Amino acid sequence: MQEKTAMTDAPKNSESLKKLYADMLLIRRFEERAGQLYGMGLIGGFCHLYIGQEAVVVGMQANTTPEDQQITAYRDHGHMLAAGVDPKSVMAELTGRSTGLSHGKGGSMHMFSAEKKFYGGHGIVGAQVPIGTGLAFANKYRGNQGVCLTYFGDGAANQGQVYESFNMAELWKLPVVYVIENNQYAMGTSVARSSAETDFSKRGVSFNIPGMQVDGMDVEAVQAAGAEAMAHCRAGKGPIILEMKTYRYRGHSMSDPAKYRTREEVTEVREKRDPIDHFGKKLVEGGVVTEEDLKAVDRDIKARVVAAAEFATESPEPGLKELYTDIYA
Amino acid sequence: MSTEILMPALSPTMEEGKLSKWLVKEGDVVKSGTILAEIETDKATMEFEAVDEGRIGQILVPEGTEGVKVNAPIATLLADGESASAAPAAKKAEAPKPNGAAPKAEAKEEKSEAPKVEIAADPEVPPGTEFINQTVRDALRDAMAEEMRRDELVFLMGEEVAQYQGAYKISQGLLDEFGERRVIDTPITEHGFTGLGIGAAFDGLKPIVEFMTWNFAMQAMDQIINSATKTRYMSGGQMSCPIVFRGPNGAAARVAAQHSQDYSSWYAHVPGMKVIAPYFAADAKGLLKAAIRDPNPVIFLENEIVYGKTFPVPKLDDFVLPIGKARIVRPGKDVTLVSYSISVGMCLEAAEKLAGEGIDAEVIDLRTLRPLDTDTVIESVKKTNRIVTVEQAWPVCSIGSEIAARVALDAFDYLDAPPTRVNGKDVPMPYAANLEKLALPSVDDVIEAVKSVCYRS
Chain W
1 MQEKTAMTDA
11 PKNSESLKKL
21 YADMLLIRRF
31 EERAGQLYGM
41 GLIGGFCHLY
51 IGQEAVVVGM
61 QANTTPEDQQ
71 ITAYRDHGHM
81 LAAGVDPKSV
91 MAELTGRSTG
101 LSHGKGGSMH
111 MFSAEKKFYG
121 GHGIVGAQVP
131 IGTGLAFANK
141 YRGNQGVCLT
151 YFGDGAANQG
161 QVYESFNMAE
171 LWKLPVVYVI
181 ENNQYAMGTS
191 VARSSAETDF
201 SKRGVSFNIP
211 GMQVDGMDVE
221 AVQAAGAEAM
231 AHCRAGKGPI
241 ILEMKTYRYR
251 GHSMSDPAKY
261 RTREEVTEVR
271 EKRDPIDHFG
281 KKLVEGGVVT
291 EEDLKAVDRD
301 IKARVVAAAE
311 FATESPEPGL
321 KELYTDIYA
Chain H
330 MSTEILMPAL
340 SPTMEEGKLS
350 KWLVKEGDVV
360 KSGTILAEIE
370 TDKATMEFEA
380 VDEGRIGQIL
390 VPEGTEGVKV
400 NAPIATLLAD
410 GESASAAPAA
420 KKAEAPKPNG
430 AAPKAEAKEE
440 KSEAPKVEIA
450 ADPEVPPGTE
460 FINQTVRDAL
470 RDAMAEEMRR
480 DELVFLMGEE
490 VAQYQGAYKI
500 SQGLLDEFGE
510 RRVIDTPITE
520 HGFTGLGIGA
530 AFDGLKPIVE
540 FMTWNFAMQA
550 MDQIINSATK
560 TRYMSGGQMS
570 CPIVFRGPNG
580 AAARVAAQHS
590 QDYSSWYAHV
600 PGMKVIAPYF
610 AADAKGLLKA
620 AIRDPNPVIF
630 LENEIVYGKT
640 FPVPKLDDFV
650 LPIGKARIVR
660 PGKDVTLVSY
670 SISVGMCLEA
680 AEKLAGEGID
690 AEVIDLRTLR
700 PLDTDTVIES
710 VKKTNRIVTV
720 EQAWPVCSIG
730 SEIAARVALD
740 AFDYLDAPPT
750 RVNGKDVPMP
760 YAANLEKLAL
770 PSVDDVIEAV
780 KSVCYRS
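Line by line, the protein sequences give chains W and H.
Take the first sequence: its position 238, counting from 1, is numbered 238 in the working numbering, and each next residue is one higher.
Take the second sequence: its position 236, counting from 1, is numbered 565 in the working numbering, and each next residue is one higher.
Think of the hints as simulated: they come from the structure by calculation, not from any bench.
Errors might be hidden in some of the hints.
[What the hints assert, rightly or not] Here are the simulated DSBU-like cross-link-like pairs (lysine-lysine), alpha carbons at most 30 Å apart as the crow flies:
#, chain 1, residue 1, chain 2, residue 2
1, H, Lys766, H, Lys711
2, W, Lys140, H, Lys618
3, W, Lys321, H, Lys654
4, H, Lys711, H, Lys644
5, H, Lys662, H, Lys618
6, W, Lys202, W, Lys302
Remember, predicted model here, so these are calculated numbers, not experimental data.
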């Protein structure tokens with residue numbers, strides 16, 4: 001399969017391009033703030049930041065309709081924001097407050113939004129893949145046009161249940177896009193050290209599922225590949241795999257010192273391939289926006305994130321009766 | 330010298346079957362692999378092949394005969410040159426008479442091992458209700474069919490549920506009625522299809538996921554516990570998982586350690602889950618219908634040995650029982666026997682024998698294991714002052730352990746003897762027939778435990 005590059009020939013207005021930029025920047029600033037709150041002891045447990053991978057989810061979500069569902073693993077804050085969930089309720093969940101999406105009972109790894117058809121936020125590596133396949137099954141059962149975007153990482157791609165899902169998805173032609181976010185490290189183990197086949201777009205070959213490798217640091221390339229994949233699903237052709245070549249700048253979680261790679265490796269990606277800088281520069285050079293426009297976007301986002309952090313730290317903890325609610329319907 | 334062709338056992342639990350059709354006649358020459366007859370077991374109609382060469386001498390059991398015991402002679406086979414008249418006269422009397430006209434349920438009832446004891450009426454069934462006799466197997470099928478007719482969002486998936494008509498024939502006829510959109514054969518992929526069912530349930534569909542047996546559900550344990558059961562809590566009530574997982578649980582017969590395990594307490598341990606383990610056909614039907622309508626994940630534990638048993642089932646258009654209510658199936662005053670699933674039958678049998686010795690046992694069928702109806706148990710213990718729990722599961726951290734703890738806490742002052750458990754032995758299930766028998770609790774074990782808490786010998 002050919003690597004997809006930016007397809008800028010598709011007509012796009014400056015507003016939609018600006019939105020891609022703003023959506024990525026919101027995730028970046030949100031995650032930076034979350035990292036800071038973690039350092040202050042206001043966020044506990046495991047906290048997995050999405051910094052560096054923003055183009056993947058923003059590019060993919062740009063193709064969705066309200067009928068589509070999405071599901072991912074525990075590195076989920078960015079996915080929630082891209083799905084349009086209010087940053088305040090995401091941040092308040094991170095701080096374990098009553099105003100959080102799950103009233104503080106889920107935390108960073110377990111967040112959901114029924115309203116946005118965001119089905120988590122799953123803490124077990126790979127478990128979201130059969131579930132996402134089941135969401136796609138529901139679309140087909142109901143006969144609607146919905147597609148389920150099922151995100152997972154290069155680490156999860158070695159889980160057995162992923163292949164059980166591939167088999168059924170192709171067998172039953174389910175409308176599911178498997179988005180493999182290959183950030184090159186499954187916690188501390190590099191792809192080369194853990195995967196016999198490192199081209200994840202080929203992981204569906206024995207199930208006849210087509211796959212594409214995509215530059216996951218290029219939001220337009222992601223969006224274009226995503227559009228193609230969604231069209232494939234909506235046409236009733238069954239599942240499709242998109243391998244997103246991406247990179248995470250931070251450790252696996254906040255407590256990971258990331259000694260398994262060099263500082264230089266990270267710096268090089270940040271300098272040469274950063275999805276936000278790269279795209280912003282391109283927009284300015286292409287005359288789509290001015291530097292001043294981008295600064296205005298930055299200011300606006302900073303204010304939103306500060307407001308979210310304030311909300312999340314000022315909201316009360318859940319009432320003690322919450323301990324026993326939401327166990328049974 | 331002629332040899333006898335014997336009625337074969339064609340499944341681990343088959344004790345008798347119907348000789349549906351002879352495919353050879355007297356005088357036919359057969360060789361190894363020739364199909365001799367069609368035999369209907371409790372699960373399927375099977376072809377029965379010859380092993381030895383020869384000529385069919387005498388057909389001893391005519392086709393259409395039901396209830397032919399395993400190992401009963403059904404024909405004689407003559408060696409080369411031997412004549413039928415020369416062969417020793419075979420007895421035809423052993424086989425029961427053909428019974429083609431009789432309704433199937435009646436025939437099955439005969440073979441049912443259900444003890445012929447008086448069962449207390451279920452207060453949930455309106456007085457004056459008419460009953461029909463039905464196997465647990467058919468009751469389960471009817472429950473699913475009725476709910477699928479009622480609600481388009483209900484569907485069934487699992488291994489062999491559709492075209493094969495169910496590995497244990499529970500889903501017989503459902504494919505024909507509901508089609509392949511709603512009765513779905515899955516690949517052998519428990520982890521995957523369990524997760525898939527859960528995803529569909531998150532979207533609002535109401536899947537019934539059949540595990541061929543619960544032993545295989547261990548492959549899917551993470552999805553059942555972490556995804557189905559915890560998501561409602563973790564989402565602050567935003568997500569529901571209206572799904573039923575069902576299939577046979579516990580020991581079947583001679584299938585050894587990996588295929589003979591009782592998972593009752595495993596699932597009953599988990600908050601967010603509902604767990605049902607019925608014995609009677611009426612409970613199987615009324616509770617499965619309730620489980621399908623329940624907005625929570627429900628574990629429905631059946632028992633292979635019980636599938637073929639026949640019991641009265643209320644003849645009602647829509648018979649739904651409440652989840653979480655135990656039932657006193659035999660009132661008594663001297664000792665409380667608490668049980669669920671197949672062990673309820675054992676308790677009733679023990680109670681009958683104990684009655685002959687002047688001990689009046691009350692038998693409680695828990696029916697639901699989570700939420701556990703401890704009120705009914707505690708009230709009973711306050712009356713009898715003695716309790717014995719009976720189950721096939723291992724003793725450590727069992728349902729019996731939980732009940733003993735609750736009774737010790739809530740009825741301590743009423744107890745005249747320590748709460749006592751009868752369980753399967755604390756060993757993996759052995760294969761050898763004698764050891765398997767030893768590993769499972771018996772009626773005698775129950776009687777012995779009752780006598781011990783009654784201080785009788």
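Against the structure, the hints:
About 34 Å separates the Cα atoms of Lys766(H) and Lys711(H), which puts this hinted pair outside 30 Å; it is violated. A hinted pair counts as satisfied when its Cα atoms are at most 30 Å apart, and Lys140(W) with Lys618(H) qualifies at roughly 25 Å. Of the supplied pair hints, the one linking Lys321(W) and Lys654(H) holds, its CA atoms being roughly 26 Å apart against a limit of 30 Å. Proximity of Lys711(H) to Lys644(H) is assessed by CA-CA distance (about 35 Å); at most 30 Å being required, the pair is judged violated.
Restraint check for Lys662(H) and Lys618(H): not satisfied, since their Cα atoms lie roughly 33 Å apart, outside the 30 Å limit. Distance check on the hinted pair: Lys202(W) and Lys302(W) sit about 40 Å apart at the alpha-carbon level, beyond 30 Å; violated.
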